[in-house]
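Same order as they appear, the protein sequences are chains A and B.
Using the working numbering, you'd call the opening residue of the first sequence number 1 and step up by one each time.
Using the working numbering, you'd call the opening residue of the second sequence number 1 and step up by one each time.
Among the hints, a few may not be true.
Stated by the list, open to error - Here chain B is said to cover these stretches of chain A; the calculated rule only asks that three of the stretch's residues, wherever they fall, bring their Cβ under 8 Å from a Cβ of chain B:
(1) 290-300
(2) 313-323
(3) 952-959
Hints listed in this document are in silico derivations from the structure and should not be mistaken for laboratory results.
Think of the CB as a built atom: it goes at the ideal place given N, C-alpha and C, for glycine as much as any other residue.
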Amino acid sequence: MHFYPFKLKAFTFVFIFVLTPTVMWAQQTDSAAVEATPAKAPAGVPLTGTITDADNNQSLAGISVSIPGFSAALTDDNGNFTLNVPNYSATVTISGEGQQTRQIALKGRQSIQVSVHDEAFRSVYDMANLPHSQKPLNQTVHSLASLNLADKWQYPYETPDNYLQGRIAGLNVTRRSGTPGIGSILSLRGINSLNTTNQPLVVVDGMIFDMNDYGGSLIGNYFSNPLANIDLKDVDNITFIKDAASMYGSKAANGVLLITTAHPEELTTKIDFAVYGGMNFRPKSLPLLDASEHRTYLSDILKTRGWSDDQIQAQPYMNDDINNPIYYRYHNNKKWQDEVLANSYTSNYYMKVTGGDNIARYGLSLGYLDQDGIIQGTDYKRYNTRFNADYRMSPKLRASSNLGFTYNEHTLKDQGLFAKTNPLYLALIKSPFLAQNEISDQGVVSPNLADADIFNIGNPRALVQNMNARNNNYRFFGSVGFNYDLTRVLKINSLFGITYDKLRENVFVPRLGTSADTLANGVAESRMSSQVQRLFSLYNDTYLSYDKYYGTDHTVAAKLGFRYSNNRTEEDYGIGYNSATDELQTIGTGSTALRQTGGDIGKWTWLNYYTTVDYGYKSKYFINFNLAMDGSSRFGKEAESGVNLFNNSFGLFPSLGAAWLVSSENFMANVNAIEMLKLRASYGLTGNDDIGNYTARQIYVSQNFLGQQGIVRSNIANYALQWETHKKLNVGFDAALLNERVTLSLDVYHNQTNNMLTMEPAGTVAGFDFTLSNNGGMKNQGIELALNSRLLNTLVKWDAGIILSKNRNELTKLPGGPMLNSIAGATIISQVGQPANAFYGFKTNGVYATDEEARTAGLTTRLFNGALANFQGGDVRFINQDENSEINDDDRVVIGNPNPDFTGMISSRWQYKGFALDAAFTFSYGNDVFNYTRAQLESMQGPENQTKLVRNRWVADGQVTNTPRAAWGDPMGNARFSDRWIEDGSYLRLRNLSLTYSLPITQGFLKSSSIYLTGINLVTFSKYLGYDPEFSASNNRLSQGIDTTLEPQYRSVLLGFRLGL
Amino acid sequence: MTSVNKYILVLFSFLAVCISACQDKWEEHTELSESVLNENLMLQIQANPDLSKFNEYLVQTGYDELLKSTKTFTVWAPTNQALTNLDPAIVADPARLKNFVSNHLSNQRYFTGQNPVRIKMLSGKYLEWGNNQLDGVAIDPNMANKYSANGAVHVLTGAAVPRPNIYEFITTTSLATRHGAYIKSKNIMVFVPELAEIERIDPTTGNPVYKPGTGLLPRNEFYDRTVNIEREDTLYTQILLTDAAYTAEYNKIARFFNYPASADTMADLTNSHLAKDLVFKGLIDFNTLQTNDTLLSIFNVKVPINKQAIVQTIRTSNGIVYVMDKVDFRLKDKVPPIIIEGENPYMFFTSTGLNENRPDQTHRRYKPWASNQLDLRVSGHGLSGYNIQYRSPNTYSAKYKVSWKAVNDFHVTTINNVITRTAFSQRLALNNTASTTFPLKNIGIDNFNEVLLGEYTLNRYGIFNMFLIADGTNPLVLDYIKLEPVY
């Protein structure tokens, strides 16, 4: 198994070098023409001015001042310039090496004084990467966020999705777990759909990056994160379009995340080499009962089982006679969490070579990441390489290639609701008086692991050491693009790309040390499974673009094109049980009778015609119009709300946006404090096509009946099944004050989801549980704020920022009344007028102190045998919501909402000479969490170990406590899903803290060098009673906010060096 | 610069405060609601000056260490006042003191307010707990239910001195020596190979040779027949007859246990037969019985109880003992008729005494009218003088009226294709087949009555054999044989 990655690495290199010459032929041509600027007689009126450095007020020489397409000039040594401008309402562009590029509206002024910031300054004039174009942020009409990743070298292990946490207002990023590379669940402006994806569309270098999950994982709560294939250090820019991005039609309902990987800008050969090493710190153990407290607890709980004193005393763990052979096996004081959790190490090596000549420029990067998890026996290895190149093949033809190949090796353990195989969960419930190894009668510890114990609880060490769960996958994501200038204003572009993904999983759960599972037709002692998933996707995006200035006032940029994507997926799995020994770990060695195989094949095609028109007037008024027409093999032929084309139903997705740069108006000339103020509004339609590949068709699945194989109907076809329609209205403004020392963006939005995919209960006679239809509706309203400011601008620079988002989600239409789902013992309700996934359970009010008090309350509940039983002292006081005195399902109410009220980030950056200190606090406020883990650890219904809270359990009449009595099997339902387990999941976390020191060495071959000392998750402030308040057990919206004992987030500290040659 | 330093200082102090504030969320959550929940029982006992004496005894007997351990216990602690009247002999004898102290301790937690329950104390005795009393000793209601980390304490206003069990009482009492002596005499040791230590393997036989004195388990033969009155977890009622009463009853039934070969055996049989009906399961309050009432013994023998005959009533740890000077058994209850069921034959023989089974011809028939709803028929055996042996194992030495029930509902004769139901004969021979005490007896058609065969006197207690002998090859049929003593 171990030679495998090296073979693949070798393959990667060969692949790149084989591919490279075929696309580099352009270098043989001799054309190196530079685009000539039009020789036009400068007309108009003169403008004079001075340009200074905003940091130190010194004048800047050699800065370019221009009006694109009209005139240009450079500043002299004193920073002065003179430029002909068409009139004094024009906008001039200022740019210079090492400095920001910015626009200055003259607003009637004949002379301007400008102080410019350095390149790294986050400015409103930065270029945003939009689909097929770049635009300065002060001219965009969309609600978007653009990140230039200046700090990417500080966070070598962050996947791009994790990196986005807190950085984009409106984007709620919840890291799935602490498993390295597992990434985050992203949701833009709340939950937009119940049954389809809520992930934003990811576009990498102009090509859609497949983010779907094909068949899930065999490893408990593992998710193979596609974005882990992208090394953050390869990324130049991340732009997020939050409002109606209709150009992506039925894929843009959740926003569009545009990732641009690095393309070289300079011709000189540059080598960047970075090496990092770090340590991950395991979280603090939860306070559980120690061996003696657990035994006391067992004394109490076993008594409620109806056992006599003698039966209890006969239990081996009650024996205190040291001469008894079993003594040593039951007299340990094991901290099981320490046997599963451990500090671990990470390392990362990265090299990037960029350079080229006038004809071809290239960037090649290689990376290796080895990140150990904090659950022992888990680790993540990534080998990644990327080759990006731009070619000027002729004066009119340019080409570019973006090729990325990443191979991931994951060694994992089950997490979450796998009560018998999740080592962390077992470490919590396993009795501390037991030992991890076998112990002889004389107390000699054997190297052999102990088997499942007297309580039928497995040995967490057996899973840590002997469970074998691997996920190996790779992705090739490559595209080649061509750009041909038909005329100066009309260009044709085309991009071809393929995605090839392969994932292989092998899982083996040993027999020794685990408790058996019960299957429908057998008992599973050891468990093994394998699966392979494949994705092959073709992509093409071809468009005509038209860019023209009309006079000095009008600019028009229009595009007309289509996108096509064809996807094929296959998933095959096999599951086996009960191999003869734990050395035999493949499915074939398991019992034939219990073997299962299965799989899935998916094919779909998407076709998207689109047009985009951008119109600008006097660089002050901007209008953007998009229209997309989407067809998909997924849509039903009879979908009603589309247009019919080629005998298929196509969805129409228009959007219109407008922006007014108020600050460029003449009447703002004297308001010096306001550098930039832009009002914008947009409204449009987008869609969600994640309705399943074949759900609109009548399909059949294979079925075995008494040994005979046949096919049966699998669904009730809905030929009218269509995309979800998302109407998005966004109003906002962007402002920059005090020479950009303060920048501010505020957005208010109202998103309405119509035709939402719903699973309507089908009648009993139908023979199916539900039918799919476009019958639901949901709305999200919210407000977002992004505020950045430079508080100090002296020798010490201090930037601080806050990003804040608030969202309110409400279901507006749901056929068939409230929908109840049960996950991990929690009931989730979806009902009109409420958030889509509210916790629905019992309200409680403490514990009855006396039997008398319980009798007075007069409440009853139904036992498992159907009899009504009265509550007694030590039972939980459930709040009776209805008329009858029985506590039953009718007494449930909404007890929590897992969606946060606010999320965001507070960031700060200090700079002093070569030192920079970055700090970022992320926070989530007002989200409720169902602490399933604690619900298990405080349920007091079995022999499992519990938290220290249960020392307060009610034992005697009159005892005033908030902890109910221990009762075997919990007949009164004291541990049922109630507000006892709902906690405030709010947190404030010092997410990143990084100290950078850039060495002032620029001699010889060394161009730059930096040292990074970075801490991640250093401090978390939260009242949450678990390892960590941030987790997401699945992509399903309904399971958010349920802590199912996942691998927790952890602190890490790392040190890195970066050398620039 | 100074302003930056100030900011940094403020930030770090903010962080420091937050870290210290947030670390203890779990502490806050798991904080003990009462400090006693972290204290062991000994601390609680020591904290109460009124329990100093009991505390002293706990330390003396070493139980203090146990009460500090992590299992759960309940302590019923007598006050100093309650212990002043304690027999000094108990305090002086370490073993007795230990027994006394442990009679106030139990495993698990027990509180007031529960239904009455018998709790096994660490002394091994089971004490009644309920209605704020332990074994009849009241607790101080204000000092009850004091829980702690590993148990609960109740303050007892008196001392619960360990009571003897029934066996201990009747073997030590002077009120009735004969009855007790008999039960005690039945103590034996049995050898259980599994418990014994193997010394070596005999090279010639290959059998293990056990170490002498190992593998011996005490048993009581009387308990094996009746109940184990040494068991602490079950309640029994024992009638203990005074020597006079015992002798009277003994003499009354001794003649039924005549055993000429051994006077000891005869005495043993008589004692056993007398004593077996004097112990009952459960705790029976004789005071609730009517005058001249009877109780059914575990052998279903009617035991006449005369309340006036109760000499003394003693509550033991596992029940109650009534010392009585009279229990006047009726002979017809005490020495009841013996019934030998036809469907339970002992062996089958030919007329020459060879063992010969005829399974195809032998039928245990289900008949609703039959005793036990079964009888036995052997029809078509084809062996002249075929006979069935019946055995009565514990037959009293007495004069019996012997009768049987044998129903001919099957026998036919076919002559000229005409089927006629006919009678046949069979006879019962006592002791051996040659015996002619009872002649052949006609078994008429459908006679469902018990038929008296005659009288017979048995001089010796023990096994009594009977043979049901066919008349030629005629069938045999029998529902039962009844031996009714003539008192």
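Which numbered hints fail: none
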